[in-house]
Each structure stands twice: as structure tokens, then as C-alpha cells.
Amino acid sequence: MPLLRIRNLSVDFATASGAFRAVDAVDQDMETGEILAIVGESGSGKSVSMLALMGLLPWTATVTADELSFDGHDLLNIAPRARRKIVGNDLAMIFQEPMSSLNPCFTVGWQIKEALRSHLGLNRKERHARAVELFEQVGIPDPEKRLSAFPHQLSGGMNQRVMIAMAIACKPKLLIADEPTTALDVTIQAQILDLLADLRRDTGMGLVLITHDMGVVAETAERVSVQYAGQKVEEQPVGALFATPHHPYTGALLDALPERATEKKLPTIPGVVPGQFDRPAGCLFSPRCKFANDKCRSTPPPPLGADMGYARCFYPLNANERIAS
Amino acid sequence: MLNYVLSRLLTFIPTFLGVTLISFAFIRVLPGDPIMVMAGERGMSDERYAELSAQLGYDRPMYAQFWEYLTGVLQGDLGNSFVTKRPVWDEFFSLFPATLELSLCAMIFAMALGLPAGVIAAVNRGKFFDRALMSTALVGYSMPIFWWALLLIIVFSGNLGWTPVSGRIDLLYYFPDPTGFMLIDSIASGQKGALVSALRHLLLPTIVLGTIPLAVIARQTRSAMLEVLGEDYIRTARAKGMSPGRINGIHALRNALIPVITVIGLSVGTLLAGAILTETIFSWPGIGKWMVDSIFRRDYPVVQGGLLLIAVMVMVVNLTVDMLYGIINPKIRKR
Chain A
1 MPLLRIRNLS VDFATASGAF RAVDAVDQDM ETGEILAIVG ESGSGKSVSM LALMGLLPWT
61 ATVTADELSF DGHDLLNIAP RARRKIVGND LAMIFQEPMS SLNPCFTVGW QIKEALRSHL
121 GLNRKERHAR AVELFEQVGI PDPEKRLSAF PHQLSGGMNQ RVMIAMAIAC KPKLLIADEP
181 TTALDVTIQA QILDLLADLR RDTGMGLVLI THDMGVVAET AERVSVQYAG QKVEEQPVGA
241 LFATPHHPYT GALLDALPER ATEKKLPTIP GVVPGQFDRP AGCLFSPRCK FANDKCRSTP
301 PPPLGADMGY ARCFYPLNAN ERIAS
Chain B
1001 MLNYVLSRLL TFIPTFLGVT LISFAFIRVL PGDPIMVMAG ERGMSDERYA ELSAQLGYDR
1061 PMYAQFWEYL TGVLQGDLGN SFVTKRPVWD EFFSLFPATL ELSLCAMIFA MALGLPAGVI
1121 AAVNRGKFFD RALMSTALVG YSMPIFWWAL LLIIVFSGNL GWTPVSGRID LLYYFPDPTG
1181 FMLIDSIASG QKGALVSALR HLLLPTIVLG TIPLAVIARQ TRSAMLEVLG EDYIRTARAK
1241 GMSPGRINGI HALRNALIPV ITVIGLSVGT LLAGAILTET IFSWPGIGKW MVDSIFRRDY
1301 PVVQGGLLLI AVMVMVVNLT VDMLYGIINP KIRKR
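Quick note, the sequences are listed as chains A and B, same order. Using the numbering used here, the letters of the first sequence correspond one by one to residues 1 to 325. Using the numbering used here, the letters of the second sequence correspond one by one to residues 1001 to 1335.
The set of hints was computed from the structure by calculation and includes no laboratory data. Don't be surprised by glycine CBs; every beta carbon is placed ideally from N, CA and C. Hints are not guaranteed to be accurate.
If you want a taste of the chain B side facing chain A, the calculated C-beta under 10 angstroms gives, among others [unchecked claim]:
| hint | residue |
| --- | --- |
| 1 | GLU1231 |
| 2 | ILE1234 |
| 3 | ALA1239 |
Model the full structure from these sequences, guided by the hints.
Okay, structure coming up:
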């Protein structure tokens, strides 16, 4: 049984000007101990699908799915009270902005011990010992002293370490990291990614890494899911994805990497992600795709098979002659 | 922290001087003349008028009178009342506990209802409870306080006979008042039923005086909560699997309290002003009623001294509020 199984997940937001589909028919599987990266530009729905899993979406969102299960629990039709026993315990999440994700009115120690009390029921002494242990585990120096610090007294990198310590406090089976390094310095980014990879290795938890940074993906992930405008357009193991991308969007993303540039001017993807009012009738990427024809513009392509990385494309790249014929 | 307090105390000096000037000028620009009021209906001869005027110092130029007043104030001497001949300072502090007791009860009443109401309204934003509560709060805020008081008296004292109409305690009870707070003194007296009587007298004035602060606190709590509930750290708390009660009541409310205690601090000024009407209606022997009576009597020292002391109270309360910011949200302490 996979740790995480998502089938046909869609999320719609009610806005003043009608419904907006942020996540569109996404399938996703994940095994225990795996590192999955979800990549895509801003607005591609990568965070929203994971927030739906956590049950953290605002009330304006409607979540529909054929299946949304984690560790044998059906998270789609779960009662709020039962969900709170899983979320923060077996299923944890860290966020993009460590500075604003911690409550400014309470010490970081208080905030970490709170989770230990409600999920594990530890007493005061045990909580303190566990909090010190966790701070050591995530590489916070002088943990005894740091526990009584307020978030504003710590740096961004330290706060992200606190967030990670808080997330792994109850030894989760799956940790979702939503752009954990975007708000941090480059040197700190590498430290945090190393920390997450080490923790995954030591604890055997699964790790979902949401990012728009292909460099982070190449360094950390095992499997990559590429999302575009709410749809999953391709999924492959990391090596294969970088070597033979099948969806033109993945290809264009990789071409835009500075490391891969062959010309003086970096290639870009023209245009922007379609919004609420300019959603194309056919393939969502067709307005920006250099290979698109009339068929692409009128008919939405269904996902291909595993050998083609589930690419949603009529004319996948690197397909040899098998499909084109 | 100590530096902060000292620097805040320094800003008191210009405010204090301004308040002395305004309170001094306020009573003098009112039409009327204390000596004529003293004379009553019989009138007074010109010689006697000049004699009294010289005796009280009113024949001297304004700046000289102000200087004399100011030097007196700085030495802790607010002058004596024309009517009772007692020092203003003594009169103020013999009456102030009554006002303070009423104001504290009104504030506790307003906070005890206003904070939860605001939180519940924010959590149920847009739903029936929210709309009903906020409309009620608007009505409470807009209601003329004397009309509301009379309405309550008619219903609860007149029709139902549950509460007394005026005063602080039944005439049956008599005991010394070392603290001036009727609730404490009635317990200390050990007389049976004294505390209940004091509470029954306190009930309606508390509701009347607390209504406007209640409405303000409820609305302010709601808007502050709405803002805080959208913050990232609330999402973090939910991601930790915390219960909604804990998230709203601890994580969010503590952050929302900053703007709320600001309006609570500012309400104290309103409360003392509101006390004038409330005390007059319920014959509550506090400084509000004392001030009104003194204005009618053109009792210059009492009005200017009383205004000054009330202003100082408000300043002290607001300083306390500023200190509370740093305790509630340590991030503010740094700035």
C-alpha cells in the first residue's frame, strides 16, 4: 500500500468573479521514505494540492477527488477531530516564510512543546528533554537557551530549523516542505536541504519538496512531478527527467536553466500561466508551446503511459518513432 | 524597559502643562462668575464684590492667576473648594474610589463580554451570529447613554423591581469605609446581606457605563481577529493539528490583543466622561457627579483641579497600555 495515494484531485476556489480551478485532476502516489519533488512556476497549484491534503485550505476552497488517502486514512471524508490527530503528527508540513510562520507572541520552545503535549501527551519534563533533543537534531546550537527565544530574536535560517524541528517533533511518516528555502540565503538554502535529506535518511520519513528551483530538484529529489496551471503534466525519476523530458513544458523549463544555456541569451518561455479567464480550450500549455498545432489548441490531451512520463501531450519530446507514427 | 518608561514620563511634561492651561482656561471662558453664584439671589454690593474678588485673587491679571495656580499644582496644592472650603485634593480622593469601582466593573463587564463576542464573530465571519452581533454592537455604540439608563431603570427597577434605582448601598447598612470601595468594605464589615446589596446597586450603572466600551471592544476584537486569522502562523498552528478553540483563543487572540488594548486604554477616557452622565442618573457619589455640580456652582478650583487629576489618570492608564504592548508581543519591546 502506498503511503500517499491521490486520484483525480481538483480544488476550486470561489472568487467574486466565479470559480477558479487551482488544481485540476491531479494523480499522485508516494511510497514510504521517498523524496518527491513537485515543480512548477507560481500559480501552478503545487502548494494548493498539498494544502488540500493537510486540510489547510480556506473555506472558499472546494476539494473533490476520487481518492485522497494517507497511510490508510481517507483524508477526503475525515472528521475534523480525526484529521487533527493525523495532521501535525504523522503528516507534517513546513512553509516558505519561516519568519511569519512562527507566532511572534510565544517563545519557540513553547510552540514546539505545544505539539508534543497534544499529540504525544508528554509531561513537562519529557517535553523539555524532547525539545532540546529536536533542536540538537536540526542543528540549532545552544538549544537550552534558544528554547526561550522569540522568533524575532532568531535569524531566518534558525527559524526554518525551528519549523523543521516542530514538524518532525512527532516523527511524521510524511513531511511536506513547501518551498522551504525560497526565503533564505543561498548558503543557508543548501544547509536546510542537506538537513531535510539527512532527516529523511535517519528517520525514514517520506518527503514532498515543493519548489520552483530546478537546481534544488536535481540535488535532492528522487522522483519529480511537474505541474502546470493546476495539472500534472509529467512525472519521471529525476535522472530520466533531466535526460529525456517528454512534455514540452518540462523541456522548456530545463532549457531555461543557466547551466544548460548554449547561447549568450538565456532561452525563456514566452507568456504567462493562464489565469481564471484565459484558460485555453485544449492543452493548457498550447498558447506558450512552440510545437502546438490546431489539435493541441482545441482538444485537451490525456496523460500518456508511464514510459512517456504520464506526459499530457499529443507530441511528446524524446519519443523516438513509437508515438509519432 | 526602564529607559522606555523614563522617556515616556518625559513626554508627560508638555502634556501636563497643556492640561493645566486648558483646565484653567476652560472654566474661565464659561459665562458666569463664582462670586455672583455665591451671592445667590440677593445680589451683592459693589464694595463687597470687589473685596471678595481681591480676597480670592480674581482682580489680578490672568497670567498671574495662572502662575499662582501652576506653582500650587507643582507643590501638590490644588486649592480649596469655594463651597465646602475643603482642599480639592481631599475631596477628589474621597470620591474617586466610587468612580473607580464603577469604572472597573464596567470595564470588566465590557471585556468579559466583548472579547469572546468579537472572537466568535470573527470565527463565524459573515454568518448569522456575526451579523447579529455586529448590528447589536452598533446599536449599543450609538445609543444615548441616558436613554439606555432610563430604559433599564424602568424595566428592571420599575416593572420587575429587581434592582434599586440609585445610590451605592441600602440605607439599612452602615459601616466605615477604609478603602472607599463598597464591594470590599461591605465584605470587611461582615454585615449580612451588605455585599448583595452593594452588588445590586452596582449592576445597572455597570451595564450602562460598560455598554459603549463593550460595543467598541467587540468590534475591534472582531476586526483584529480577522486580520490575525489570515496570518501564516495561524496556518502553522493548524498544520500542527491544534484545536480551533486553542488556535482562536490562544494563538490568534494574543496577537489580536494589541489593537484591542489600545481601544481599552482610550475607552478609559470615555468611561470617565460617561461616568458623569451615569453617576448623575444613578445618584452615584463619584467624581462625575461632583464635577457636574461644581461646574454649575462655578467652583473654579474644583473644576480645574478635578479636570487635571482626571487627565493625569488617563495619561497613566495609557502609559500602562504602552507597557502592556511589550508584555503581550515581545517583538514590540525591541523597537
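- Of the hints stated earlier, which fail here? none
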